[in-house]
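Q: For reference, the chains in residue letters:
Protein chains: 2
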Amino acid sequence: MSVKHIDQIETTNIPNGTGVTRKMLISLEEAPNFAMRCFTIQAGGRMPNHTNTVEHEQYVIGGRAQVGIGDEVFEVQKGNVVYIPAGVPHWYTTLGEEPFEFICLVPNQPDSTTVLE
Amino acid sequence: MSVKHIDQIETTNIPNGTGVTRKMLISLEEAPNFAMRCFTIQAGGRMPNHTNTVEHEQYVIGGRAQVGIGDEVFEVQKGNVVYIPAGVPHWYTTLGEEPFEFICLVPNQPDSTTVLE
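These protein sequence lines map, in sequence, to chains H and E.
Following my numbering, the numbering of the first sequence begins with 1 at its first residue and continues without gaps.
Following my numbering, the numbering of the second sequence begins with 118 at its first residue and continues without gaps.
If we strip away everything but chain H, and leave its shape as in the complex, we get:
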């Protein structure tokens, strides 16, 4: 389908995280080259330090978080653009009382997640 609304899309729990869910906005069955997902981390939640074998292109649509990328830590909120190169360790911890929400795109390549904690 060409047009959907995010509120109509099924939510999947992400077991590696605490309070982390994902919606598949445009899957690799629907598009040839990259997939669009939306992640939500509930206030007080986190995603532990991990690597992926593919890069991430992200756009924050709500909430606030600390994001660790390699040895750096950033504070991000709505309107921040985040690029995580393939293989670079990264983590998220929410800030404040709102859910942290971001769009995250990955290429159509095999991805393996390794949790480092």
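By construction, these hints were calculated from the structure, which means they are not laboratory data.
Below 25 Å or equal to it, Euclidean Cα-Cα: the simulated BS3-like pairs (lysine-lysine) are:
#	chain 1	residue 1	chain 2	residue 2
1	H	K78	E	K195
2	E	K195	E	K140
3	E	K121	H	K78
For chain H, the structure is supplied; the task is to place chain E on it using the hints.
A: Structure of chain E alone, referenced to chain H:
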């Protein structure tokens, strides 16, 4: 740079459109497989019917618009997800008094735009 904010990114005018500007959020010089851009169409503006040789994956972050995709017309707003396959004619006309804003991703492949009006 791993983290930016959209408000810090330069705006470029899109001459094929009326009231259309683009920000390059993550360019193909910064990432290997796909680019992230943000388009803004001012209230009363439009993007004429056109084709691209690459697909678009889009997420609406503000405003409202009519979007034509092939023979179909959709009304979209914040939270809508739009997929435009390569080669399919598409156009945008804003609705209401707010600028229409959307994230738009394209693969790292040659793109040629053909205006059909």
